[in-house]
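Hey, can you work out the whole structure from these sequences and the hints?
Per the working numbering, numbering of the sequence shown is gapless, rising by one per residue and ending at 119.
Hints in this document: simulated from the structure, not taken from any laboratory. In this text the structure is predicted, and so the values were computed from the model without any measurement. Beta carbons: idealized from backbone N, C-alpha and C, even for Gly. There may be inaccurate statements among the hints.
Calculated lysine-lysine pairs in the DSSO-like style (CA-CA distance at most 30 Å, straight line) [claimed, not checked]:
1) 81 <-> 58
2) 114 <-> 81
3) 29 <-> 114
4) 81 <-> 56
5) 29 <-> 56
Derived DEER-like restraints, expressed as beta-carbon distance ranges [said to hold, decoys possible]:
6) 53 <-> 104: 18 to 24 Å
7) 62 <-> 32: 23 to 29 Å
8) 53 <-> 113: 25 to 31 Å
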Amino acid sequence: MDYLVGNVGNNLIIFLWLPVPSSLFGNSKEVIGRIRLWTDGASVTDVGHVPEGLGKMKLQSQWDAVPREKRPHLMQSLSYKSLIPVPINWYSNLRDTCKISNSLESLIDLALFKWLART
Numbered sequence: 001m002d003y004l005v006g007n008v009g010n011n012l013i014i015f016l017w018l019p020v021p022s023s024l025f026g027n028s029k030e031v032i033g034r035i036r037l038w039t040d041g042a043s044v045t046d047v048g049h050v051p052e053g054l055g056k057m058k059l060q061s062q063w064d065a066v067p068r069e070k071r072p073h074l075m076q077s078l079s080y081k082s083l084i085p086v087p088i089n090w091y092s093n094l095r096d097t098c099k100i101s102n103s104l105e106s107l108i109d110l111a112l113f114k115w116l117a118r119t
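What follows is the structure, encoded as C-alpha cells:
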C-alpha cells in the first residue's frame, strides 16, 4: 500500500495493488496494478489505475470546477489514460469472481490476498 498526504486540504491519497480495471473486463487475464482510491471518508467511491506518481485523474466534480476552455477533453474509460476514475460500483461489477466492495478494509484484504497468491 502506498499513501501520500495531498497538498490540497491535506487529503490522504491511497494506492493499493489491485486488479487493473481494464483487465477485469470480459475474459481478459487479470493484471495487478497500482490503483488509486478516492474516498468520502467512510467508503471508497472511485478507483483509477495510476502507474506512477499522482497521475492526472480527477473526480468529475473537480474537473467541473475547471473552466471548460482550460480543461482537456475528458474521457472516462477503464484505461490508465482516462482522466476520470471509475466509480466503485462499475469496478465491482466488471467481474463476478473478484468480489470487490466499497469498504477500504475489504479492498486492503483483497490487495493482501492477491499479494499472497503471487508468492
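Checked hints:
1. Using a Cα cut-off of 30 Å, the hinted pair residue 81 and residue 58 holds, with the two alpha carbons roughly 12 Å apart.
2. Among the hinted pairs, residue 114 with residue 81 is consistent with the structure: their alpha-carbon atoms are about 24 Å apart, no more than 30 Å.
3. Using a Cα cut-off of 30 Å, the hinted pair residue 29 and residue 114 holds, with the two alpha carbons roughly 14 Å apart.
4. This hinted pair checks out: residue 81 and residue 56 have alpha carbons roughly 9 Å apart, not beyond 30 Å.
5. A hinted pair counts as satisfied when its Cα atoms are at most 30 Å apart, and residue 29 with residue 56 qualifies at roughly 26 Å.
6. At roughly 22 Å, the beta carbons of residue 53 and residue 104 sit within the given window of 18 to 24 Å.
7. Taking 23 to 29 Å as the suggested C-beta distance range, the pair residue 62 and residue 32 conforms, at roughly 27 Å.
8. Range check, residue 53 to residue 113: Cβ separation about 26 Å, and the 25 to 31 Å hint holds.
In the structure shown, no violation is registered for any of the earlier numbered hints.
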